[in-house]
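Q: Once you've looked at the hints, dock chain B against the given chain A.
Residue strings, one per chain:
Protein chains: 2
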Amino acid sequence: MTLNHFSRLITEHTWHPRLAARSNHLVGSEIRELLKLIGDPNIISFAGGVPDPSLLPREELRDCYQRQLADPRKAQIGLQYMASDGYLPLREWIAAQLSEDGVNCSASNVLILNGSQQGIDFAARLFIDPGDRVLVQNPTYLGALQAFRSFECAFDTLPGESECRAWQTYRERGADPKLIYVTPDFQNPTGISLSLATRLRIINLARDLDSAILEDHAYRHLRFEGAMLPSLTALELGPRHIDAGRALYLGTFSKIIAPGLRVAWLAAPAALLEKLIYIKQASDVQTSAIHQMVLAEILPASFSRVVAAQRIEYRRRRDSMLEAMSRYFPEEASWTKPEGGFFVWVTLPEGLDAANVLRQSLQETRVAFVPGKSFFADGSIAHTFRMSYSLANPEKIDKGIKLLGALLKRLIVESQR
Amino acid sequence: MTLNHFSRLITEHTWHPRLAARSNHLVGSEIRELLKLIGDPNIISFAGGVPDPSLLPREELRDCYQRQLADPRKAQIGLQYMASDGYLPLREWIAAQLSEDGVNCSASNVLILNGSQQGIDFAARLFIDPGDRVLVQNPTYLGALQAFRSFECAFDTLPGESECRAWQTYRERGADPKLIYVTPDFQNPTGISLSLATRLRIINLARDLDSAILEDHAYRHLRFEGAMLPSLTALELGPRHIDAGRALYLGTFSKIIAPGLRVAWLAAPAALLEKLIYIKQASDVQTSAIHQMVLAEILPASFSRVVAAQRIEYRRRRDSMLEAMSRYFPEEASWTKPEGGFFVWVTLPEGLDAANVLRQSLQETRVAFVPGKSFFADGSIAHTFRMSYSLANPEKIDKGIKLLGALLKRLIVESQR
Chain A
1 MTLNHFSRLI TEHTWHPRLA ARSNHLVGSE IRELLKLIGD PNIISFAGGV PDPSLLPREE
61 LRDCYQRQLA DPRKAQIGLQ YMASDGYLPL REWIAAQLSE DGVNCSASNV LILNGSQQGI
121 DFAARLFIDP GDRVLVQNPT YLGALQAFRS FECAFDTLPG ESECRAWQTY RERGADPKLI
181 YVTPDFQNPT GISLSLATRL RIINLARDLD SAILEDHAYR HLRFEGAMLP SLTALELGPR
241 HIDAGRALYL GTFSKIIAPG LRVAWLAAPA ALLEKLIYIK QASDVQTSAI HQMVLAEILP
301 ASFSRVVAAQ RIEYRRRRDS MLEAMSRYFP EEASWTKPEG GFFVWVTLPE GLDAANVLRQ
361 SLQETRVAFV PGKSFFADGS IAHTFRMSYS LANPEKIDKG IKLLGALLKR LIVESQR
Chain B
1 MTLNHFSRLI TEHTWHPRLA ARSNHLVGSE IRELLKLIGD PNIISFAGGV PDPSLLPREE
61 LRDCYQRQLA DPRKAQIGLQ YMASDGYLPL REWIAAQLSE DGVNCSASNV LILNGSQQGI
121 DFAARLFIDP GDRVLVQNPT YLGALQAFRS FECAFDTLPG ESECRAWQTY RERGADPKLI
181 YVTPDFQNPT GISLSLATRL RIINLARDLD SAILEDHAYR HLRFEGAMLP SLTALELGPR
241 HIDAGRALYL GTFSKIIAPG LRVAWLAAPA ALLEKLIYIK QASDVQTSAI HQMVLAEILP
301 ASFSRVVAAQ RIEYRRRRDS MLEAMSRYFP EEASWTKPEG GFFVWVTLPE GLDAANVLRQ
361 SLQETRVAFV PGKSFFADGS IAHTFRMSYS LANPEKIDKG IKLLGALLKR LIVESQR
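Chains as they are written, first to last, in my numbering: chain A, 1 to 417; chain B, 1 to 417.
With the rest of the complex left out, here is chain A (with noise of 0.2 Å):
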């Protein structure tokens, strides 16, 4: 073993000149590394963005998988290769809930994606060449960043809510963003919302700038309180249909069906979106053809259902999360009320670094969440993380709320000496 090892260091090719720019920007995802501890049960983790499994439909998927594969002509569909685009009755299905949500579309204008990250990784390759723009807000989605970095993109950052000045002038000093990307409810990281007018204006900027806007939906059905608002895709077109609005509209099914399965969607324009369907079959070919299948089978009765029993159990956490935080976080510390989805983002004062307070805490505490740093297209800003309520239980969350709360005003008293 040892020699073996040595053998290759010896002889190990030096790859590096002959690969592709771009891998250069090709860098490891954090919280993929700590998602990895979700696994050791001495471990309270607020670190995944993860949907609890027992609130999944399994059961109903079990029965749905069994119905496919006993019935010959059934599977015959579901085992073998399928049209890029996508199984019709899903697309049907999806372009009838976006419809019902102001998006006049139809099963034309959607993709079947492989996960929705892939519909930003198609975005990025439909828009980016190196060094074209990409309009973000700061913080965003991790996974957006790693997805846009990799095609050698660079980012601006979207003013905030109260920042007037700072719209004006970044139109005024002529920026040009391909693609604006925002996700407008309960963002990953944050879990704040965008107002109608910060939509809005989004809107119009991407009007007056010529830009595609990229809007990631990942937890719009996870809604606690409080009044949906309309989506940026239907804001833009109001009575216009999809084809003639600049918006593409990403979903998925793995906060509320299953992860595991892979199944999002990308609706948009038809002249981008047959592109698209080219950059789909040129990179994976198509979707897993049986998971389209028991996902078209199962969503028409079961997914109001669902996703009604998780707003109330997820509700019930974050609950107690924010509970448990006005209990036991220091003073110093503030935090965002998330109207729904999986986070809460919590800001400590200026001086503390949240990757240190994470391995002070793994090592006295055994608290895990996500140092915020990652999410800042600039990298910018360290006394912020992560924290999710998805995967724990009101105690869990109480039990580990203390643990953290004792070390983040111990630290804080440490800062300030």
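Quick caveat, the hints were computed from the structure, so don't treat them as lab data.
Hints may contain errors.
For identical chains, the list gives no copy identity; a pair is met inside one copy or between any two copies.
DSBU-like cross-link-like pairs, simulated, lysine-lysine; straight-line CA separation at most 35 Å [what the hints assert, rightly or not]:
(1) K399 <-> K409
(2) K399 <-> K275
(3) K399 <-> K337
(4) K402 <-> K337
(5) K74 <-> K402
(6) K409 <-> K396
(7) K74 <-> K399
(8) K373 <-> K402
(9) K373 <-> K396
(10) K337 <-> K373
(11) K74 <-> K396
If you're wondering where the values come from, they're calculated on a predicted model, not measured in any experiment.
A: Frame of chain A, contents of chain B only:
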């Protein structure tokens, strides 16, 4: 509807100036279009290079999904997110198979993919900057041309087995391909396999020019007769570990177990695999967890038995096709005699364009096949076509070849007038 269509026309956005340069290289696949014909029961189709669903292990798959989803602990893994490199027991099975086949590697050299097209796409992403050259067989797998083109590469083509001088001049004129892509066994589209001498020549070329080798082994296990030849990866490595080599080995479960699952894999030196995992994270996070678990469970007991039965049946179909061709095809045509896989490659007299033959065939005889032109990197050769025997029974093969043979004879006579 008409009004709606009209309103789309007058308001549609002009996207072209806002798209990435690579979007100009996105084109649809003729084959994917032709696959739609398989559904028409009046057509005898030799077009699709797809497995016969009745030869796939449907009942074993059904029972296995049932078991995975009936057990909450298993389902918790299969329905949840999973590490990007893939499910360890599946990667271990693959590494063991590869090691038996002469490729010294371990599970940590294996990345699970969403279909083998994704392996070609990832290799393109890893190696190809715009303008870089890829060396391919001519003809070669159409999907590979699509994937490489979408990253704006240029193609060089491998000389034929007998063109000794051309191999030398390729070196001498300063060629610098980043990647050599080959399908060594029962190639799609020609059905022919590379001789041992050619495999060694390619390896020497790769070493001289410091190129990576990507070998695509979609059909390797479907050998009907003749001795199995070592893979290029095994030949290049000899006793060394894969980490010390320059070859990437692409395999898939789409031909033997089911295309609809979209599970394939790439084995590569660790230094490249690390980058490929980052590409996987950025592009679609992971391959379906439950599909990977199901495969890991059924492969050890079933793979050899399933593939043995398929070899017998596909061999019977190949024999029927070759026999019918020698009975009904005009003497001016020639064709390959594959030792495995799904395909026979037909060459017509030079004046005949196989795309025109297909059009007439669909009108008159209702027999479908794939014109050869789009398998050539330079699209130069029009008088060839691909025939697949994988989907039709011997009676249908005899009937279809008889009809097609009569048409070909007539067209040849007409072309000579």
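Q: Under a CA distance limit of 35 Å, which applies to K373 and K402: within one copy, between copies, both, or neither?
A: within (24 Å within a copy, 68 Å between copies)
Q: Treating 35 Å as the Cα threshold, decide for K399 and K275: within, between, both or neither.
A: neither (50 Å within a copy, 39 Å between copies)
Q: Taking 35 Å as the upper bound on the Cα-Cα distance, should K373 and K396 be classified as within, between, both, or neither?
A: For K373 and K396, the Cα distance is within 35 Å only inside one copy (26 Å; across copies 63 Å).
Q: How do K399 and K409 come out at 35 Å by Cα distance, when the copy is not named: within, between, both, or neither?
A: within (16 Å within a copy, 82 Å between copies)
Q: At most 35 Å between C-alpha atoms: does K399 with K337 qualify within a copy, between copies, both, or neither?
A: Classified as within; 20 Å inside a copy, 70 Å across copies.
Q: Have a look at K409 and K396 and pick one of within, between, both or neither, based on CA distance no larger than 35 Å.
A: within (20 Å within a copy, 78 Å between copies)
Q: One pair to classify: K74 and K399, alpha carbons no more than 35 Å apart. Within, between, both, or neither?
A: between (49 Å within a copy, 28 Å between copies)
Q: For the identical chains here, do K74 and K402 meet the 35 Å Cα criterion within one copy, between copies, both, or neither?
A: between (52 Å within a copy, 32 Å between copies)
Q: Is it within, between, both or neither when you check K337 against K373 at 35 Å Cα-Cα?
A: within (20 Å within a copy, 60 Å between copies)
Q: Should K402 paired with K337 be assigned to within, between, both, or neither, using CA atoms and 35 Å as the limit?
A: So K402 and K337 pass the 35 Å test inside one copy only (18 Å; across, 73 Å).
Q: Taking 35 Å as the upper bound on the Cα-Cα distance, should K74 and K396 be classified as within, between, both, or neither?
A: between (44 Å within a copy, 23 Å between copies)
Of the numbered hints given earlier, the model fails hint 2 alone.
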